[in-house]
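Undergrad: Sequence:
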Amino acid sequence: MLVTYAFGAVILFALVQFLILFERYDTDAHRAGLYAQDTAATAQLLHGLNSGVSRDEMIEAISRYEVRYVGDPAVGMARPDALASRDAPTALLEAHRQGKSRTTIIALAKAWADAEMAAAARANQHLERSNLAVKGYAALLGVAVILCVFVGGLLFLRRSRHLEHLLQQWAVELDEVDASRRLFFAKASHELRTPVTAIRGEAEMALADAEDIEAIRQSLEHINATAKFLNHRIEEMIGIARASDGKLHLDAARVDLRTIAEDAVADASSFAASVSVSIQITMPNSPVDVVGDAIWLKRALLAVIENALKFSPMGGQVTLTLAENNGMAEITVTDNGPGVMPDELPLLFDAYYQTDAGKARGGSGLGLAMTRWVAEQHNGRAIARNIGSWRRPDGCAVTVAIKLERA
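Numbering (numbering that gives the first Met the number 0), first residue to last: 0 to 406.
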């Protein structure tokens, strides 16, 4: 862009200079033409003086010159030097009246003619310089135009290539979005179909043995837990779909993370009972206040808890610990499952990513991605690490950290 402006300025400058010099050249050409006419008139005067032998013929020759020179204002305008005095014809007539000899008068006219020729030569030299200047600026203007066209062509090609690259990039991004959309619907369909299948299975078992009250009660408990799990997944999907601009619409307020943690554990209790996994919670006695959206924070924490329950063995235990650390409120959820391969730990929070164990247990791969998303929208972070030996982990711990709000 700056190069274009620079070339435009050069062309404009050259054009202005060209017009100024062309106007000067036109003036110089007109002046040189008038000087040529003056020289011709002076030559005619000399011819008349040389050929005239009588007094009347000399006066007639001088009068013709006076009419040519004095009578034409344009001639006088073209004679700015001292030799261009209009008194020259008068001086010749005065010399004639004083009885000067024809030789003296011719000598005066000859001096005047020499001055005329010198002035005409200077005018021609000045005209030649103006002509060269005009040609030079015309050439400069032509070169500037050619360079501008050349540079403009290069910029156009560069811009075209840039646009082509952008179009290719947009095409790739659209393909990725389309692939992500198809993957999302596939994952979402599986995520919704699995609990629906479980609910239908429990209902069929209860109907098959309608006289066993205890079996019916257990089936209803499983149906209730699975329905809550399904409702959580639907809320996650609706929330993510509403965040169409890539940012969550937070209803931020001062909240106590202890309350959010307790509510999340309560919501997950039915699912925990259905998979025979207990939840242990450890929290400080004093409030742990942060500024955030209570609903989204609970969804994020609930996704971590349910993920831990899913990977814990029957009879296992999930531990939730809330603590303060360096100005941050940290909620750590630990399971005693198989852990995660070290190279897969950084990928746990990527959308749709699932470990091999996660694929076997079902899911959409959206839960932990949403957790990190919510944490980052609250200027926090979410990290995962293995517990115990990296070769044989004793489980996995996911920590969500949010900045504390001091009283």
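What the hints contain is simulated information worked out from the structure, not anything from laboratory work.
Keep in mind that a hint or two might mislead.
Said to hold, decoys possible - Okay, the calculated beta carbon distance ranges per label pair:
1. L153 <-> R253: 52 to 62 Å
2. A251 <-> I212: 43 to 53 Å
3. R158 <-> E323: 34 to 44 Å
4. A138 <-> M116: 29 to 39 Å
5. T320 <-> M340: 19 to 29 Å
6. E323 <-> D250: 23 to 33 Å
As the list claims (entries may be wrong) - Calculated cross-link-like contacts (lysine to aspartate or glutamate; reagent style EDC-like; alpha-carbon spacing at most 20 Å):
7. K309 <-> D349
8. K309 <-> D262
9. K227 <-> D266
10. K309 <-> D393
11. K402 <-> D288
12. K402 <-> E329
13. K134 <-> D25
14. K309 <-> E234
15. K309 <-> D250
16. K402 <-> D250
17. K227 <-> D250
18. K227 <-> D255
19. K402 <-> E220
20. K309 <-> D292
21. K402 <-> E234
22. K309 <-> E220
23. K309 <-> E343
24. K134 <-> E22
We treat Cβ as the ideally placed atom computed from N, Cα and C, and that holds for glycine.
Undergrad: Against this structure, judge whether each hint is valid.
TA: To see whether the hints hold, each was checked on the structure:
1. L153 <-> R253: 52 to 62 Å: Since L153 and R253 have Cβ atoms about 59 Å apart, the given range 52 to 62 Å holds.
2. A251 <-> I212: 43 to 53 Å: Hint holds: Cβ distance 48 Å, inside 43 to 53 Å.
3. R158 <-> E323: 34 to 44 Å: Between R158 and E323, where Cβ atoms are some 55 Å apart, the hint is violated.
4. A138 <-> M116: 29 to 39 Å: 33 Å, holds
5. T320 <-> M340: 19 to 29 Å: Roughly 24 Å apart at Cβ, these two residues keep to the hinted range, so it holds.
6. E323 <-> D250: 23 to 33 Å: 24 Å, holds
7. K309 <-> D349: Since the Cα atoms of K309 and D349 sit roughly 18 Å apart, the hinted pair holds (cutoff 20 Å).
8. K309 <-> D262: At roughly 19 Å apart (the allowed maximum being 20 Å), D262 and K309 satisfy the hint.
9. K227 <-> D266: 8 Å, holds
10. K309 <-> D393: Holds. K309 to D393 sits at ~15 Å (cutoff 20 Å).
11. K402 <-> D288: 9 Å, holds
12. K402 <-> E329: 9 Å, holds
13. K134 <-> D25: 13 Å, holds
14. K309 <-> E234: 19 Å, holds
15. K309 <-> D250: Violated - the C-alpha atoms of D250 and K309 are around 30 Å apart, more than 20 Å.
16. K402 <-> D250: At roughly 16 Å apart (the allowed maximum being 20 Å), D250 and K402 satisfy the hint.
17. K227 <-> D250: 24 Å, violated
18. K227 <-> D255: Violated. K227 to D255 sits at ~24 Å, over the 20 Å cutoff.
19. K402 <-> E220: This hinted pair is violated, its Cα atoms lying about 38 Å apart.
20. K309 <-> D292: Status violated; Cα separation ~26 Å.
21. K402 <-> E234: Violated, at about 25 Å.
22. K309 <-> E220: 17 Å, holds
23. K309 <-> E343: This hinted pair holds, its Cα atoms lying about 18 Å apart.
24. K134 <-> E22: 13 Å, holds
Comparing the model with each numbered hint stated earlier shows that hints 3, 15, 17, 18, 19, 20 and 21 do not hold.
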